[in-house]
Amino acid sequence: MSKPELKEDKMLEVQFVGDDDVLNHILDREGGAKLKKERAQLLVNAKKIIKKPEYDLEEDDQEVLKDQNYVEVLGQDIQGSLKNGSATDGGNKVYSFQNRKHSEKMAKLASELAKTPRKSVSFNLKNDPEIMINIPQCSKGHPASDKVQLKNNDKGEFLSTTPRGLRKRLMVPRSHSDSESEYSASNSEDDEGVAQECEEDANEVILRPKSQAQNRVVSAPVCKETPSKKMKRDKTSDLVEEYFEAHSSSKVLTSDRTLQKLKRPKLDQQTLRNLLSKVAPSFSAELKQLNQQYEQLFHKWMLQLHLGFNIVLYGLGSKRDLLERFRTSMLQDSVHVVINGFFPGISVKSILNSITQEVLDHTGTFRSVLDQLDWITNKFKEDSSLELFLLIHNLDSQMLRGDKSQQIIGQLSSLHNVYLIASIDHLNAPLMWDHAKQSLYNWLWYETTTYSPYTEETSYENSLLVKQSGSLPLSSLTHVLRSLTPNARGIFRLLSKYQLDNQESPSYAGLSFQDFYQQCREAFLVNSDLTLRAQLTEFRDHKLIRTKKGADGVEYLLIPVDSGTLTDFLEKEEEES
Amino acid sequence: MATSSVSKGCFVFKPNFKKRKISVPIEDYFNKGKDESEDSKLRFETYHLIWQQMKCETQRLQEELNKNLFDSLIEFLQKSHSGFQKNSKDWGSQIKLREIPTAALVLGVNVTDHDLTFRSLTEALQSHVTPYVVSLQSKDCPDLKHFLQKLVSQLMDCCVDVESKEEESAQKKTHCSMDSLSSWYTNVTQTDPKMPRKKRTSSQWQSPPVVLILKDMESFTTKVLQDFIIISSQHLHEFPLILIFGIATSPIIIHRLLPHAVSSLLCIELFQSLSCKEHLTTVLDKLLLTTQFPFKLSEKVLQILTNIFLYHDFSIQNFIKGLQLSLLEHFYSQPLSVLCCSLPEAKRRIHSLSDNQCENIRRLPSFRRYVEKQASEKQVALLTDERFLKEEAQSLLENLYVYHTNYFLVLRCLHQFTSSLPKYPLGRQIRELYCTCLEKNIWDSEEYASALQLLRMLAKDELMTILEKCFKVFKSSSEKQLGSTAKKIEELLAQFQSLDAEAKEEEDTSGSHSKGLQKTDLYHLQKSLLEMKELRRTSKKQTKFEVLREKVVNFIDSLVREYLLPPDTQPLHEAVYFSAAHTLREHLNAAPRVALHTALNNPYYYLKNEALKSEEGCIPNVAPDICIAYKLHLECSRLINLVDWSEAFATVVTAAEKMDANSITSEERNEIIHLQCSVY
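Chains as they are written, first to last, in the UniProt record's numbering: chain D, 1 to 577; chain P, 1 to 680.
There's no promise every hint is true.
As the list claims (entries may be wrong) - In silico DSS-like links for lysine-lysine, alpha-carbon gap of 30 Å or less:
1) LYS321(P) with LYS379(D)
2) LYS223(P) with LYS404(D)
3) LYS79(P) with LYS67(P)
4) LYS440(P) with LYS349(D)
5) LYS67(P) with LYS349(D)
6) LYS437(D) with LYS223(P)
7) LYS437(D) with LYS277(P)
8) LYS404(D) with LYS139(P)
9) LYS277(P) with LYS440(P)
What the hints assert, rightly or not - Here are a few chain P residues that face chain D, going by a calculated C-beta distance under 8 Å:
10) THR3
11) PHE11
12) LEU364
13) ARG368
These are calculated hints, taken from the structure and not from any lab test. Note that the structure is predicted; figures quoted are calculated from it, not measured. Idealized CB from N, CA, C, for every residue including glycine.
The shape of chain D in the complex, shown without the other chains (with noise of 0.2 Å):
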């Protein structure tokens, strides 16, 4: 019989045990004296206070005492150490399950930190007893969010303040304790939700402490009605279920808000770099300090590069700046190759190009990635003056943590005087590695949490908040076209209003290019195939279209611009003729 014990367990094991403890477990249990604990334990975890119950020690075998006592072993000088994140919290926090959250927590916790900077306040709704404790704090936090909103209101920022996503949220019950029954009333409440979505806009603010009342009177007595024992019998059943709800393929529930409906102007990137350059960062000083720590490690790291090892760099931050540097300061003398990994365009290809050109002098080609490996790999042994230094920020990039590319840079860096320092980011970065490259790496793992921000790393990324270059084919686009004959831009117009018609249907794959000569030999735009396709090949020239093929061997036209572009382009359009 398998029992996975409280989830509060640090390790939460599943182990074997025989019935007869099994029995005794449950003997005890409602013997009481384990309840009353068990029950102790729940309320102090509420509070989010996290104790290892130690009372189901007794009855684990010699083998679990084991698994502890390593566990214990490995984890014992987390706390003393400063540089390993403190253990305490357990891994049941670091590796829990993905639960099923409403949104409508996010706000309200944000309310409470914004009022209670200082007290601890729990936010975990998952357990009963802490509701109770929550509810008034509730109700003093959300008019606290309502000022703000209020004044953003005076502002003019929001016109529909909290739109009808909101109230929705408001109606998913705040509690998911266990029971069956509280789903079925969540449900019959969205409808309730959904139902009053029609209502007024100036009905919200009063309506929403009343729907909360509503929810505090259906939610607290059926937590009281839940047995407390059947309600830890459920417990574990709970967690099953927790997972496969977060999980389950069925949609979502989040609020339908959207960007567009926030009429706040979109800033360019530039503006936004001005602005973020003006904020200067909290804490400073500790920053500063922490940083002054890793540079101490500089010397280290060179000893232990030379010695054999490799160092790899994780943690919260940016570390480009500290590898930026380490090379500044360490590796002026020194042959080395600067990697970014968060380069889009990066590939191994590239790595061992630049090695073997740049580096290594050498001017032919390689029929194979490996080939070139293994030409480097010799030439590096031939020559053990040689000595190269490679600093890989990201090693865990898209494009670098392939199987392959580890493979390759792993061999590279298992080189005697190839020296490797690289950083990682991805949460689960370590999974690239399996044993065999984990021995060619040969890493020393060094901890570098920074909180700096990853300004570099992300600016080949774009943000939704951010106005897109979007001016730029639109700009484009106008200056093309006006260069044009009328006809092409008729030609041109008929391609971009097919396309906003049919854009809502997912299967669009474009205007076949018999229809569109059909269409635009209707509108006397062109009297021949040739024309026209004489036309488009200009038009492809300028990457206004793009051809594909279907897989009937048709030829579909597109615009590979986005609708919002082409509605406006189209409206342009239409002011100037």
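Place chain P on chain D using the hints.
Relative to chain D, chain P alone:
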């Protein structure tokens, strides 16, 4: 910055003065790291020396351990190939000829160590059996074409030394079939048997076999394997192939991968390599449980290293790496590690210690404890007089050395006793015993008490074999300190033997006695029986054997109490013991996940600012933005609404800053943070 560009991701930097390469000696990095670079050069040299010695030792061990396996493998190869050699016409051998001789080499799960084994195996085969040894890995051979290509190219490379390579490469590009291979083989073996070949010294055959090593048999695609085996079995009479499978799991895998029709073409013999646990035991035995190397590990460090070994990878390589790292850390961080060398050398070095170093000695906790125990005049002298201190330190080092010699002898002896006990109260392996002994006074532990209890119940022959083993242990060392113990054990053994003789005599006498019993009536018989019973009850405790056994146990106990003191009771132990377990753990077995989690949840841990101090599970609203954003995002399920998120964030931040003007910027900041979270 010089290293950011929108068009490329690699930046090569070459120093301008490339011609005059000044390679900074590694020692310099050793020096500069610390402000007080006490004897750092010497320390680095010592590190280097010890590490080289350790490395040699491990390599020697590896070779030794592999020797048996390789010998039997080579024997198998020679035997199986002789069939081909004879070319006999009889039916049985012709049947046999259709079968490819195959050696299945079960190596265990420690994949990282396999490379080393295969490398030395290749060398051994090349020097003893055949020049044609090819080893293939599964990742090179996705299909049969690549398989053959690799095979051909490696074969050509390994035997064609200086001959025209162009032809070969042209050939290998065009067609790689078994036909071409076998014709090539006949060519090579027929046309130039007279050619003097360096490598073929020991291969007395006209046609040496071709040995193909498949390093990781499990990960080959079955199709490739099957096809290759079928094809090559057809060509076996002209192309003598021998296969060696490297297997990490279990030999059954061969039959699971290959259908019967294919596996019947193989003539498989199984070879088992030494288990990695035994390997570890030997390594520990030779590197740590010896006075040959002055460097020692403290309990926690050893525990961490063995745990990484046992729970993570079973890799000896990694264990050695951990050992190297701890050695390096020790010499890097402990200024007094300069004394971690052989005894005469250390004594010499003490003389040349600087004042600073003397101060360092005085600061050692173990030395302080030692001073406190001394008489007051001596205390003063130790704390003020450098010369006196140095002399004292010399004698202390000597004591430490003696302590270690005795320690390991007694440890082995105790291990002999406890390793055969039922349930292994003190562990089956000597490393477990060692760990317990390092940690605390072993005689205080419950396990030790129960072990002694069990020892008191041992039978005589068991006890005697153990004693003999212990005797051998003590004899093996030529130390005079424990010479008396060896003598004592010898005496005990002798007593046991005499006990044997006595018992026999007694038996004889009792036998004769019973024979001499006169006829008695019932009453007398009962009476005498009762008497005898009484006698037996009283004498039960006092058989000579039991007395002797008690003596042996007490003897062992006294040995343990005298010599197995934990090392931290010894003054100056810091010089040779490496105890910074957490640094080791941090660098070898890091937990990036925990670090990220802590940084996001508890920023106070890194940024020691009072404003960030908070109770668990809650972060103050002045925390770094990313922490707040993370906290908020935790409250959502898989999908998050960006608007809600940013609004919630703005709520928190504005409340913290109490400034409305800032809300726009903070909101925008959130955008950046959002991006970062996508990285995370």
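Status of each hint after checking the structure:
| no. | hint | verdict |
| --- | --- | --- |
| 1 | LYS321(P) with LYS379(D) | 26 Å, holds |
| 2 | LYS223(P) with LYS404(D) | 22 Å, holds |
| 3 | LYS79(P) with LYS67(P) | 18 Å, holds |
| 4 | LYS440(P) with LYS349(D) | 56 Å, violated |
| 5 | LYS67(P) with LYS349(D) | 41 Å, violated |
| 6 | LYS437(D) with LYS223(P) | 26 Å, holds |
| 7 | LYS437(D) with LYS277(P) | 22 Å, holds |
| 8 | LYS404(D) with LYS139(P) | 10 Å, holds |
| 9 | LYS277(P) with LYS440(P) | 25 Å, holds |
| 10 | THR3 | 5 Å, holds |
| 11 | PHE11 | 4 Å, holds |
| 12 | LEU364 | 20 Å, violated |
| 13 | ARG368 | 22 Å, violated |
Hint compliance for this structure: hints 4, 5, 12 and 13 are not met, and every other hint is.
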